[in-house]
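One line per chain: the protein sequences are F and L, in this order. Residue 54 in numbering that gives the first Met the number 0 sits at position 55 of the first sequence, with consecutive numbering throughout. Residue 160 in numbering that gives the first Met the number 0 sits at position 161 of the second sequence, with consecutive numbering throughout.
I should point out that these hints are in silico values taken from the structure, not numbers from a laboratory. Since the model is a prediction, treat every value here as computed from it, not as a measurement. Among the hints, erroneous ones may be present.
One copy or two, either will do: identical chains are not told apart, so a pair holds if it fits within one copy or between any two.
Listed next, the in silico DSS-like pairs over lysine-lysine satisfying Cα-Cα at most 27 angstroms (straight line) [to be verified]: (1) Lys410 with Lys210; (2) Lys19 with Lys396; (3) Lys77 with Lys92; (4) Lys62 with Lys329; (5) Lys385 with Lys491; (6) Lys291 with Lys136; (7) Lys312 with Lys19; (8) Lys210 with Lys236; (9) Lys255 with Lys236; (10) Lys15 with Lys436.
Number of protein chains: 2
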Amino acid sequence: MNKTKENINSITPRSKDYSKWYLDVIDAAELAENSPVRGCMVIKPNGYAIWENIQKVLDNMFKLRGVKNAYFPLFIPKSFFEKEAEHVEGFAKECAIVTHHRLNLNKERKLVPAGLMEEPLVVRPTSETIIYSMYAKWIHSFRDLPMLINQWANVVRWELRPRPFLRTTEFLWQEGHTAHSTKEEADETTLQMLEVYRDFAEDYLAIPVIKGIKSESEKFAGAAYTACIEAMMQDGKALQVATSHMLGQNFAKPFKVKFTDENGNEQYVWQTSWGMSTRIIGALIMTHSDDKGLIIPPKIAPMSVVIIPIWSKDHDKKDVISKANNIATKIIAEIGQVVHIDERDERPGSKFYDWEKKGIPLRIEIGPRDIINNTIVAVRRDTGSKIEVSLTNLVPKIKELLNSIQSDLYKRAFQYREKMTQEVDSYKAIKNILADKGGFVIAYWCGDQKCESKVKKETTATIRCIPFEQKQEKRKCIICGKETSTRVIFAKAY
Amino acid sequence: MNKTKENINSITPRSKDYSKWYLDVIDAAELAENSPVRGCMVIKPNGYAIWENIQKVLDNMFKLRGVKNAYFPLFIPKSFFEKEAEHVEGFAKECAIVTHHRLNLNKERKLVPAGLMEEPLVVRPTSETIIYSMYAKWIHSFRDLPMLINQWANVVRWELRPRPFLRTTEFLWQEGHTAHSTKEEADETTLQMLEVYRDFAEDYLAIPVIKGIKSESEKFAGAAYTACIEAMMQDGKALQVATSHMLGQNFAKPFKVKFTDENGNEQYVWQTSWGMSTRIIGALIMTHSDDKGLIIPPKIAPMSVVIIPIWSKDHDKKDVISKANNIATKIIAEIGQVVHIDERDERPGSKFYDWEKKGIPLRIEIGPRDIINNTIVAVRRDTGSKIEVSLTNLVPKIKELLNSIQSDLYKRAFQYREKMTQEVDSYKAIKNILADKGGFVIAYWCGDQKCESKVKKETTATIRCIPFEQKQEKRKCIICGKETSTRVIFAKAY
Numbered sequence: 000m001n002k003t004k005e006n007i008n009s010i011t012p013r014s015k016d017y018s019k020w021y022l023d024v025i026d027a028a029e030l031a032e033n034s035p036v037r038g039c040m041v042i043k044p045n046g047y048a049i050w051e052n053i054q055k056v057l058d059n060m061f062k063l064r065g066v067k068n069a070y071f072p073l074f075i076p077k078s079f080f081e082k083e084a085e086h087v088e089g090f091a092k093e094c095a096i097v098t099h100h101r102l103n104l105n106k107e108r109k110l111v112p113a114g115l116m117e118e119p120l121v122v123r124p125t126s127e128t129i130i131y132s133m134y135a136k137w138i139h140s141f142r143d144l145p146m147l148i149n150q151w152a153n154v155v156r157w158e159l160r161p162r163p164f165l166r167t168t169e170f171l172w173q174e175g176h177t178a179h180s181t182k183e184e185a186d187e188t189t190l191q192m193l194e195v196y197r198d199f200a201e202d203y204l205a206i207p208v209i210k211g212i213k214s215e216s217e218k219f220a221g222a223a224y225t226a227c228i229e230a231m232m233q234d235g236k237a238l239q240v241a242t243s244h245m246l247g248q249n250f251a252k253p254f255k256v257k258f259t260d261e262n263g264n265e266q267y268v269w270q271t272s273w274g275m276s277t278r279i280i281g282a283l284i285m286t287h288s289d290d291k292g293l294i295i296p297p298k299i300a301p302m303s304v305v306i307i308p309i310w311s312k313d314h315d316k317k318d319v320i321s322k323a324n325n326i327a328t329k330i331i332a333e334i335g336q337v338v339h340i341d342e343r344d345e346r347p348g349s350k351f352y353d354w355e356k357k358g359i360p361l362r363i364e365i366g367p368r369d370i371i372n373n374t375i376v377a378v379r380r381d382t383g384s385k386i387e388v389s390l391t392n393l394v395p396k397i398k399e400l401l402n403s404i405q406s407d408l409y410k411r412a413f414q415y416r417e418k419m420t421q422e423v424d425s426y427k428a429i430k431n432i433l434a435d436k437g438g439f440v441i442a443y444w445c446g447d448q449k450c451e452s453k454v455k456k457e458t459t460a461t462i463r464c465i466p467f468e469q470k471q472e473k474r475k476c477i478i479c480g481k482e483t484s485t486r487v488i489f490a491k492a493y
Numbered sequence: 000m001n002k003t004k005e006n007i008n009s010i011t012p013r014s015k016d017y018s019k020w021y022l023d024v025i026d027a028a029e030l031a032e033n034s035p036v037r038g039c040m041v042i043k044p045n046g047y048a049i050w051e052n053i054q055k056v057l058d059n060m061f062k063l064r065g066v067k068n069a070y071f072p073l074f075i076p077k078s079f080f081e082k083e084a085e086h087v088e089g090f091a092k093e094c095a096i097v098t099h100h101r102l103n104l105n106k107e108r109k110l111v112p113a114g115l116m117e118e119p120l121v122v123r124p125t126s127e128t129i130i131y132s133m134y135a136k137w138i139h140s141f142r143d144l145p146m147l148i149n150q151w152a153n154v155v156r157w158e159l160r161p162r163p164f165l166r167t168t169e170f171l172w173q174e175g176h177t178a179h180s181t182k183e184e185a186d187e188t189t190l191q192m193l194e195v196y197r198d199f200a201e202d203y204l205a206i207p208v209i210k211g212i213k214s215e216s217e218k219f220a221g222a223a224y225t226a227c228i229e230a231m232m233q234d235g236k237a238l239q240v241a242t243s244h245m246l247g248q249n250f251a252k253p254f255k256v257k258f259t260d261e262n263g264n265e266q267y268v269w270q271t272s273w274g275m276s277t278r279i280i281g282a283l284i285m286t287h288s289d290d291k292g293l294i295i296p297p298k299i300a301p302m303s304v305v306i307i308p309i310w311s312k313d314h315d316k317k318d319v320i321s322k323a324n325n326i327a328t329k330i331i332a333e334i335g336q337v338v339h340i341d342e343r344d345e346r347p348g349s350k351f352y353d354w355e356k357k358g359i360p361l362r363i364e365i366g367p368r369d370i371i372n373n374t375i376v377a378v379r380r381d382t383g384s385k386i387e388v389s390l391t392n393l394v395p396k397i398k399e400l401l402n403s404i405q406s407d408l409y410k411r412a413f414q415y416r417e418k419m420t421q422e423v424d425s426y427k428a429i430k431n432i433l434a435d436k437g438g439f440v441i442a443y444w445c446g447d448q449k450c451e452s453k454v455k456k457e458t459t460a461t462i463r464c465i466p467f468e469q470k471q472e473k474r475k476c477i478i479c480g481k482e483t484s485t486r487v488i489f490a491k492a493y
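Chain F on its own, in the form it takes in the complex (with noise of 0.2 angstroms):
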């Protein structure tokens, strides 16, 4: 489509509506888009190409701990999920239901899954029921343990106010679903993929995370405890990164995934399960996109970087373009990047604007002057700063920019964490900062779930999780006075 000047400058500011700006580069950067059926959305090429990356690197970070792809059904039988009790009830206000299969156009007839009672089937949340009734076929003995199986899926939990990668009806995710010989193995492998996960969110996305424990009210339904990372948007509310749930014995139980020890006694396996989803990608976006549109860090971009040759007259056009494609042939050959050529027959401004909206780390102009000189223009599109960069230091330079690019992204989501961090030690601040700036608050909390209800009421933000950083004070609850050495983080999220 051709931009007119009127909606070039169509993403709202930051400080004017964060929500509105949020959707605005969403669409600016054509990531996705709403679909005709409510909380569905479609994630459009260049959307999923990050997710496509995102994939590829946690795929692989799985793979080297041992961990095997398989799939397992969309649809899981109803009673499957009433087997857990706290499961059953964390999930039942969002899941689909399939009832029918269309017979022709008018009639329908009741499915009748064979093998079954004549149930209705769930549209999978999360897999662990079905999963763990598999485990308990496949595992016997400990020498059958652990076993660590990853799954690339869609989910379907119902949304009654979606928000595009935020909160959709349906979303694509990884779910890691782990069975161990001891609780030790398990506590550890939920640590171990939190690691993992943070390792990935801070390294290659430049998010910097929180590691540390979900209160009992916010953990996974079903777990033994759930623990997680949590990041800080620009607005200065939280989001959940990825979470690790210690599952104990609360499925092996019920589905009765049993195994027989080295000394021949049967025992019930200890499990984990794990997960990231395109929430990630919301993440990305409200981690460091600015009023311009979208940035992405340099490690996770489809494109890193794209060079726009500049020609006045026709008869430049030919030297500028081949001038473009040696440099664009170096930069992949000798860093391995993804590099677009834009040679489309639009202004240079133009031009710009596309590619920052789209949130491509580097911008390399090149025209006739730059020839003559040897020279290239490289612009951060973090900073917007322009470099000029001879050629003969072009391969160098150009990944020293890409390195600093992607640290500085870091550096800058960090440091605005920390600005916006607070440890308090009364109430009365508590609402003060989330009535007014948001953002972290650290403060001693006694572990009462009527303490948390209390400020979840009052301010809306609820406890992120009780990082494992801690400092081993007594102090009291800034809710009811209690002596406690519990430090935890409050914040309104997504």
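Chain L: place on chain F using the hints.
For chain L alone, coordinates are given in the frame of chain F:
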């Protein structure tokens, strides 16, 4: 699990019961398993690893042709199907419908998709309708064309008689959807994508295929015509490996997918769609495997070489394992193949058997005497032949053996198909062949659906395709005797 002597030879021979053999091979190679939901299989790690390789190769082939991946919703409003008359007719019998979402365990509430009349949602059996409802928004001008988008997804078509990989209620696939400004370009794309599938099937899966066009009664519901590639399984039955549909303007019109051409005139786009599914794994199994179990062609095998270190005395163990590691490292580094060393404390014979039924193309045996002789023994999975290989010549020889296995598998399948293909000039001959040894029967057909139906009714065989390769001779339809120049392939099919 420990195998006992009793269940070691648990694969039913093909000659005894071909259907049972197929299920036994899947079971023994741990590729897939029935799930508690009728018709839905679990794809186990060994099976999913093959699918991952298929995805990797095909995805690259698509991207090289400018196709981009995206993701569209699982749910499609029922009314969308009703916009294209043939399409809804074709899929009416096999759709799963979501009508409720569970508010709590006892109460269920009807779904109300916002922005739509209250209507049921279909779990996608294919995505033309939902995708083209988006194309109508995305395509405005000739500059937006061609639009080349692919989706990797799960789809649901209710199956009354499911068989793993071949017919499952839920299956995984890719579906490509393109839009073009001219009929010619859409025709070309239909054939171009069919050629991608042929290339992939023959070069990677070593499955020889025949390219052709489906008869009217066998084409995709809603297509102008359907091009396909057909393969022959070891029981002489046909299996449709992939299809590529020219949709004409059949969907463009009801979904109003229009563009303004160079002259400012509004026109409907011309479209194609094309897909390959997890069904291809069924074809892979049935083309190559034998009574010992699975055979996977090296180019698509998740693991192409397994090394079995052999020792009888404990002091030899360290030496042979260290040598096995040397060899593995060399093959991985120099040929880029996935290699596994089986160090388990089990009898070599039982290990041989284990990897044979899993279909690993090449086995390397190394024992103390081999170390002294500076040799190894390589055993081909396809022929069982044992080749002594000098370690000085290891890498080129392994490469050569893998290449031979790949091409010999193709040749074997090709020769079998040739042997099982007969041309006939009487209806009696067709009936006899199909009742006797089966296979492909080539015959002249007038194009009349009545003649086609008669054969189907009396022999259960269908027209698999009208091959692109034709003789241009005038002959008589073997059913009705009418003059025709069209030769077709009749066969019983999966």
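The hints, checked one at a time:
Proximity of Lys410 to Lys210 under the C-alpha cut-off of 27 angstroms is restricted to the intra-copy arrangement: shortest distance 18 angstroms within a copy versus 57 angstroms between copies. In the homo-oligomer, the alpha carbons of Lys19 and Lys396 never lie at most 27 angstroms apart, since the shortest distance is 37 angstroms inside one protomer and 63 angstroms across protomers. Taking identical chains as interchangeable, the C-alpha atoms of Lys77 and Lys92 lie at most 27 angstroms apart whether they share a chain (13 angstroms) or sit on different chains (24 angstroms). In this assembly of identical chains, Lys62 and Lys329 lie within 27 angstroms of each other by CA distance solely across copies; the values are 22 angstroms between and 32 angstroms within a copy.
For the homomeric pair Lys385 and Lys491, neither the shortest alpha-carbon distance inside one copy (37 angstroms) nor that between copies (67 angstroms) is at most 27 angstroms. In the homo-oligomer, the alpha carbons of Lys291 and Lys136 lie at most 27 angstroms apart only across protomers (24 angstroms), although the nearest pairing inside one protomer, at 54 angstroms, exceeds that limit. In this homomeric assembly, Lys312 and Lys19 never come within 27 angstroms of each other (Cα to Cα): the closest approach is 41 angstroms inside a single copy and 73 angstroms across copies. When the C-alpha separation of Lys210 and Lys236 is checked against a cutoff of 27 angstroms, the pair qualifies only within one copy, where the shortest distance is 16 angstroms, while the shortest distance between copies is 57 angstroms.
In this assembly of identical chains, Lys255 and Lys236 lie within 27 angstroms of each other by CA distance neither inside one copy nor across copies; the values are 41 angstroms within and 42 angstroms between. For the identical chains of this complex, Lys15 and Lys436 are intra-copy neighbours only, at 15 angstroms inside a copy versus 76 angstroms across copies, given an alpha-carbon limit of 27 angstroms.
The earlier numbered hints that this structure contradicts are 2, 5, 7 and 9.
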